[in-house]
Amino acid sequence: MEKAIQRRVYLDTSATTPVDPDVIDAMMPFFRQEFGNASSIHTFGQTAKAAIDKARKQVAALIGCTSSEITFVSGGTEADNLAIKGIAEANKQYGNHIITSRIEHPAVLNTCAELERQGFEVTYLSVNKSGAIDIDDLRRATTDQTILITVMTANNETGAIQPISDVAEVVREIRQQRKTLFFHTDAVQAVGRIPVNVDELGVDLLSLSGHKFYAPKGTGALYVRRGVKLKSQLHGGRHERDRRAGTESVPLIVALGKAAELAKRHLGGRRRQIGELRNYLESEILRRIPEVSINGDVHNRVPNLTNLSFRYVEGEGLLISLDLKGVAVSTGSACSSGSLEPSHVLLAMGLTCEEARESLRFSLGKDTTREDIDYVLEILPGIVDRLRKMSPLYQASELVAGH
Amino acid sequence: MTYHASFADHLENPRNVGELPDASITVEEQNPACGDRLRLSLKVENDLITDIKIKAYGCPQTLAAASVMTELADHRSVDEALQLTRQQIADALGGLPRNKMHAAALAIDALNSALGKLTNQSNTEPADNQNRSF
Chain Z
1 MEKAIQRRVY LDTSATTPVD PDVIDAMMPF FRQEFGNASS IHTFGQTAKA
51 AIDKARKQVA ALIGCTSSEI TFVSGGTEAD NLAIKGIAEA NKQYGNHIIT
101 SRIEHPAVLN TCAELERQGF EVTYLSVNKS GAIDIDDLRR ATTDQTILIT
151 VMTANNETGA IQPISDVAEV VREIRQQRKT LFFHTDAVQA VGRIPVNVDE
201 LGVDLLSLSG HKFYAPKGTG ALYVRRGVKL KSQLHGGRHE RDRRAGTESV
251 PLIVALGKAA ELAKRHLGGR RRQIGELRNY LESEILRRIP EVSINGDVHN
301 RVPNLTNLSF RYVEGEGLLI SLDLKGVAVS TGSACSSGSL EPSHVLLAMG
351 LTCEEARESL RFSLGKDTTR EDIDYVLEIL PGIVDRLRKM SPLYQASELV
401 AGH
Chain V
404 MTYHASFADH LENPRNVGEL PDASITVEEQ NPACGDRLRL SLKVENDLIT
454 DIKIKAYGCP QTLAAASVMT ELADHRSVDE ALQLTRQQIA DALGGLPRNK
504 MHAAALAIDA LNSALGKLTN QSNTEPADNQ NRSF
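Here the protein sequences line up with chains Z and V, keeping their order. Residue numbers in the first sequence follow the working numbering, run continuously in steps of one, and reach 403 at the last position. Residue numbers in the second sequence follow the working numbering, run continuously in steps of one, and reach 537 at the last position.
Source of the hints: derived by calculation from the structure; they are not laboratory data. A few of these clues could be false.
[Said to hold, decoys possible] EDC-like cross-link-like pairs, simulated, lysine to aspartate or glutamate; straight-line CA separation at most 20 angstroms:
id, chain 1, residue 1, chain 2, residue 2
1, Z, Lys389, V, Asp412
2, Z, Lys389, V, Glu422
3, V, Lys456, Z, Asp385
4, Z, Lys389, V, Glu431
[As the list claims (entries may be wrong)] Over 12 angstroms on every C-beta distance to chain V, these chain Z residues come out as not near it, computed from the model:
id, residue
5, Phe31
6, Ser68
7, Glu114
8, Thr142
Ideal Cβ positions, reconstructed from N, Cα and C, are used throughout, including at glycine.
Next up, chain Z with everything else stripped away, as it sits in the complex (with noise of 0.2 angstroms):
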């Protein structure tokens, strides 16, 4: 027995985007007419290296570098990886310290676990309340041992923008000393949302994702500095200036080409919409719903999302419970097995883990519109209610509070 869904509305933009029809046209001809190898003599392989030189520009010119500083990549792990890894190995015989936050994504949090293994030692800055982390926490960390500092550009479940020209001023700092100090963002939640420039930023490499940004999974890149050395992580031809072998996937790096060339264009009045909708949005839920709270600094955050707590209720229960209305978002807390694993984000913010299973992250991205967002401030109500009503916290609640 099926139940008529009346409207899907996507609110997950940040997990990921569908692929823009224009990045789709793009790519097609790379399949089938233009199927050469990039590494071929003859015209099929020069039309691929092309194809493979355009993207790189493309690229480059979206976060402010040049082409020969883009490693094309599968995404946003295998560029994580290989820039922590490849620095790391690279540069071992200078030090053996890594300093990180506790907030990264997944793939610098288990790769630089993996480094730990390995001998190095790595210091995981905390965050304040707004998911932010300290530069005087960084200058205490840094000893004459550190080699790498990889911080994300924005937090993927609050949106947080991390103060990245501050820990490259520190970096700068300790390079009058030391030269063999470097810098790595994730920037794969920044790209394609908010203005992200190399050198205003002062990295020396950077992570981006494609499908965060309207070009299909698979795609990604690695802006590496010129004149930074990384061991390869991937052994074989000499493709990508001997940074990963491998035969290019001319139709995917085309793609990621295309979207960036479009993200750059669109930037500004993306930003606007998407923020003036996301605002909207939240606004209105917190005007609504009672005990609702932001997570993370409202103030400086990626324009697509916000990360709430819906006091007395489970997020995963509100999620399915909008999934059985078509409204797709997340949560970054997960039971399973019986254990939960509340949002290390927010657990890191100090967040109590109740509050951290409670949070619901809505993000919108160039295709959401204002129906999509009504839609949503109409059934939410509804479910939060029916769910506070079942919940002994919220009656526990009402009598502490004397209602």
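Use these hints to put chain V onto chain Z, whose structure you have.
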């Protein structure tokens, strides 16, 4: 739609939500690992469950399992209710993945706990409505 209709129905229209002012017994069980909670109130007359109410906090499977348990236990004898199994709860929801069976376990544990306490009470002292762990 990827959800079983019964699971979706119990999540969207949970049965027997609330508390019984004249409950024979009220218990609150908690899954210590994940913090899911289930408060269960029963009214038992002549060994028959005549009314049942729940309040639940936790993942959606926990809410649905609690709801479906009230349907399966309502107007059953105490002995019949004690025979209910986790698998019956899961089956009534169209099946639960292995990593969500704890939801069915919590519902059965709460039911067994309430019925067990009730039996102890009737064997020793008159019923005491304050017997809740919350």
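Going through the hints against the structure:
| no. | hint | in the structure |
| --- | --- | --- |
| 1 | Z:Lys389 - V:Asp412 | holds (17 angstroms) |
| 2 | Z:Lys389 - V:Glu422 | holds (11 angstroms) |
| 3 | V:Lys456 - Z:Asp385 | holds (18 angstroms) |
| 4 | Z:Lys389 - V:Glu431 | holds (16 angstroms) |
| 5 | Phe31 | holds (30 angstroms) |
| 6 | Ser68 | holds (46 angstroms) |
| 7 | Glu114 | holds (26 angstroms) |
| 8 | Thr142 | holds (38 angstroms) |
The structure shown violates none of the earlier numbered hints.
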